[in-house]
Each structure stands twice: as structure tokens, then as C-alpha cells.
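Here the protein sequences come in this chain order: A and B.
Everything in the first sequence is counted per our numbering, starting at 1 for the first residue and increasing by one.
Everything in the second sequence is counted per our numbering, starting at 1 for the first residue and increasing by one.
Check the hints yourself; a few may be wrong.
Said to hold, decoys possible - Derived contacts from chain A toward chain B, CB cut-off under 10 Å, selection only: (1) His180; (2) Ala182; (3) Met205.
What the hints assert, rightly or not - Below 27 Å or equal to it, Euclidean Cα-Cα: the simulated DSSO-like pairs (lysine-lysine) are: (4) A:Lys78 / B:Lys272; (5) A:Lys43 / B:Lys275; (6) B:Lys24 / B:Lys78; (7) A:Lys42 / A:Lys24; (8) B:Lys159 / A:Lys260; (9) A:Lys213 / B:Lys275; (10) A:Lys275 / A:Lys260; (11) A:Lys260 / B:Lys26; (12) A:Lys275 / B:Lys250; (13) A:Lys24 / A:Lys88; (14) B:Lys26 / B:Lys43; (15) A:Lys78 / B:Lys275; (16) A:Lys26 / A:Lys58; (17) A:Lys283 / A:Lys250.
What the hints contain is simulated information worked out from the structure, not anything from laboratory work.
The beta-carbon is built from N, C-alpha and C at its ideal position, and this holds for glycine as well.
This is what each chain is made of:
There are 2 protein chains.
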Amino acid sequence: MLIDHLSIVGVGLIGGSLARALRKAKLVNRVTGCNRNEETLKKAIELDVIDDYSLDIKEAVSGADVVVIGTPLSTTEKLFPQIVASLKEGAVITDVGSAKGSVVDVARVVMGELISQFVPGHPIAGTEQSGVEASFAELFINHRVILTPLEETNTQALKLITDMWQAVGADVIDLDVEHHDAVLAATSHLPHMLAYALVDCLAGMQEREEIFKYAAGGFADFTRIASSSPEMWHDICFSNRNALLNTLDKFTDHINQIKKAIENSDSEQLLKIFKRAKQARDKFTDSRNQADVSPE
Amino acid sequence: MLIDHLSIVGVGLIGGSLARALRKAKLVNRVTGCNRNEETLKKAIELDVIDDYSLDIKEAVSGADVVVIGTPLSTTEKLFPQIVASLKEGAVITDVGSAKGSVVDVARVVMGELISQFVPGHPIAGTEQSGVEASFAELFINHRVILTPLEETNTQALKLITDMWQAVGADVIDLDVEHHDAVLAATSHLPHMLAYALVDCLAGMQEREEIFKYAAGGFADFTRIASSSPEMWHDICFSNRNALLNTLDKFTDHINQIKKAIENSDSEQLLKIFKRAKQARDKFTDSRNQADVSPE
């Protein structure tokens, strides 16, 4: 048995899918859920995602060998004090937040020596759906999970969390915190901002009725992520504030280059940008096909 | 027989797919192709897309009842004089360009009275692939084709082109030119600029290796359109210059609103934007599902 007693704090898409996958693989004896909303926990019992639950976080984590925090980022940071106050000796804590710098900063302040038992993590998986109803055991298969172990991180704790994610089918990678946040700002956080800004922009236009009526499949693909949870993305923006603002500035600079080329009828420059982008995107497609990573 | 003799000028994805679909439905007797590149025409013969071809545009269109111009926009405008000089009486001309204002402006200058035989068109179909090799008869099924008939457009000419597109499975809609260009700038041209700018931005970053390595499925969807033809999109940018620049300005304004909200730690404003966007996107998904329009 990989984990005797697992506690999932925040039973949503990610936490729920992890619990399902570990139970399905018979790698966990008992899963305890904790959530602000009791309805969610009842639903999770009904769906056979968890064995039992408590609304009291201290009670929910006190007997656990592994605590997985699957709450939105702003909540995660607030829960640390209660969690560390109730942990049993040797228990390991991990989280699933999409930004790591701010979580680690808070953990360093709050956790004291227990910081060695904390393995910051980020599964690169998910859909624009959220909630335990959307969870499924196969969510992590062939998806990457990035762990950002700290200098202080206990080797055994890191190994356990690595084993846990690998056991549910994920491809586990270690990155340092700063690197993770810069890379995710670019590949995930920025595109979400663009999708939100685009849809909001079009929804405010005079021709909005026709715009949404005549939009084709390309538009649907491009804006799918604007259906993601506003609350979750709100938290990510503030947790990864600096890296995201930095990337937003770089992007704005590039969109202005395109705008200028059009304004100045600079054919050569416009073609140069489009060709360079196409080449990079085609290379990305090729490397994905070679890696045979299933699409999210 | 809907069309006795069809001439396709520019035998690529769109022209090739239209020819295939009409031949498959036995709605055309003869298809003549014309292209700058003879290899393409030989390939089109080999693939059974056209019956015969000419490299001389005047010859290629002289016997046709319908001329479909499937070339990039900048070429289309240059070909008008030769085409109108060689048309047989009563022949109908249509095009497939993604922007209509500039094409119509040129047509008005060049065509004289024959403008009544010109039906500007735009099939909202295609993939990031291009070329006759990528063409297939089913491309237009359940896709929209927007026609932008002019005041001068002959009713019978409009009916023939409408019938042609409906016969290959398309849902044909009439819009005025200006309206078309504003709507397409928003739903198609702007998203392409964002995808090109995003990929070009990331490809220039220090972390580019990791960025493309750790990018997930959402990123793949979001940037797929950056693999589109740079030459085609170069032409679209200049053909739809004003509407596109106008839309780019509006978008930049929205991305700046998000940036400001993050900079100012304005939670309420950021949540408001994300929620408004999610609501609009969810509504779009619902209406697509109701309309049961197949994705592009």
C-alpha cells in the first residue's frame, strides 16, 4: 500500500480525480475529504471518491499520512497554519496550485521545520470543468506533474509524492519554483488572460450578436479556456503576479509590433513575424507528436 | 446540371474542395483549373479535382459559366482585369476571400458594368492546412458561407452562387460588406493575430525550451491557428486593415484592463471581467450546441 491514510483538502476536479485514481489502483486504504461545502462532500461519498469526511480541517488531516491540498490558491495559503498544527509526525503535505512562488513564501513563514515535509506540486491537467462531479480516475494519465522541491524538502517526502503521481499515470518533472512560475505564466496564465480579454472584448462590441453567431471552430478552440473558473484564475493572477505581468508586457510588445507593421504597410516585417511564429508552432506540433503525449 | 463549365482560379484547399464536392454531387460538367504553379495543376488532375487546366488565366476563364477565385486576396485583386476581359456573356464571378471591403473596392473600379455579375463570398471553413492536397469534398458541410452581395449584384447571379454553396452542404448567409469585415476582424482575424503574437513572444523568451516542452493541451488548442499560412494572413491583414486595427485597439484596451486590475490588486474588477467573459463564452457554447453546427 503506497499510502495508508490520504486526506484531500478541497475535493474538486483535481483532488477528486487523484482520490479516484489511487482508490482504483488500490494504492490507498482510506481517503478522508475536507471541504467548506458539505454538499460537495456528500456528493463525493455518493460518487465513491472518498471514504469519509470532516468539515473541520484539523480533524480531517490529523490522522493522514499524506495531505493533498486541492483548494484554490488563496485558500491554500490560509489553511497552512491549521494543517501544520494538526499533522501527525512524518506526514507529507503537497498542493496542486498553478503558481508556486507565493505558496512557498507563505509555507516558509508558517510551517517552520515542517517545511521539509512540504512538496509543492502542480499537475498540468484539467479541463475548463471544475468540481468533484467532473473528476475521473484517468485525468492524469500521460499528463505532466511538475514538483518544485525546495532546498529544505525531505528526500523521502519528495519520493512519496513522486511515486503517488507516477502511480496515477503522470509524467513527473522537477523544476525550481521561479522557473516553474515563469514557464507557466507563458504557456498557461497568459493564454487564459488573452482568452478572457478576447471574449470580454467581443461581448462588448456592437456587432456581438453576429460575432458569436458567425464564429467558427477556430474561435471555439481559441476561447474554450475563457470558460474556466473565474475564482481560480483570479487567485492564479495574484499568486503569480510578477511573472504574469512580466509576460503580459512582453506579449503586448509583440502585438504592438504586428499593429505597427499593419499601420506602416510593412509587408516584410509582418511576414517575418508570421513566418517565425508558424515555424515555432510547427516545431511544437512535431515534438508533441514525437512525444506522443495525449492532448489535455 | 447546376453549372456546365466551372473555372477555379487558384486551386488550393478551398477551390479544390469546392470542385471535389460539386463533381461528387454531379452538379458540374467540366472543371477547369488555373494556377501560377503547374505542379499544383498536375496534382489536381491526378487527384481528380479538375478535368483540365490552363496556365493562361484568360484561356482558363473564357468558356466558364462560373469563375471561382480561390487565390490569396492580394492576387485576387490583381487578376480582376484579366478575368473580366475574357468572360463570356452571363458568366458569374465569385471569390472566397476572408475580407471583402478591399476586394469590392477594386472590383468596382475594374469591372465596370460586369460588377453586377460579381458575387463576393467567404466560406467560413478551412483548416490550418493549405493546398489542393488537403482538399476534400466534405469541407463545407454544416459550415457557413457568407455572401456580401452589392446593390449592383444581379439577382440570378446571387441565386446561382447561393445554390452552389448550398449544394455542397453550406449554410449560406448574406451580410453587407462592412458588417462582414467587422465581424470577421473580431472572430477570426484578431484571434489569428493573438496566436501569432503569442507564439512569437514565447519563442523569443529565455525559457523557450521548457515553455514548449511543458505546454499542455490548452496551449495547443490556443495556438493551433498560428500554423496557418503566413502569406494568406499577410494579405488578410492588409485587406481588412481598418477593421482589424480597430479591433486590435479594442482588444489592447481589454488586456490593459486586466493588467491594471492585477497591478492594482483590484480583485473585484478582475473577477468582474473573468465572470463576464465566462458568461459570454458559456452562452456561445450553449448556442453552438443548440445549433448543432459541427466544429471546424
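Review point. Against which earlier hints does the structure fall short, listed by number upward?
Key: The structure breaks hints 6, 8 and 11; every other hint is satisfied.
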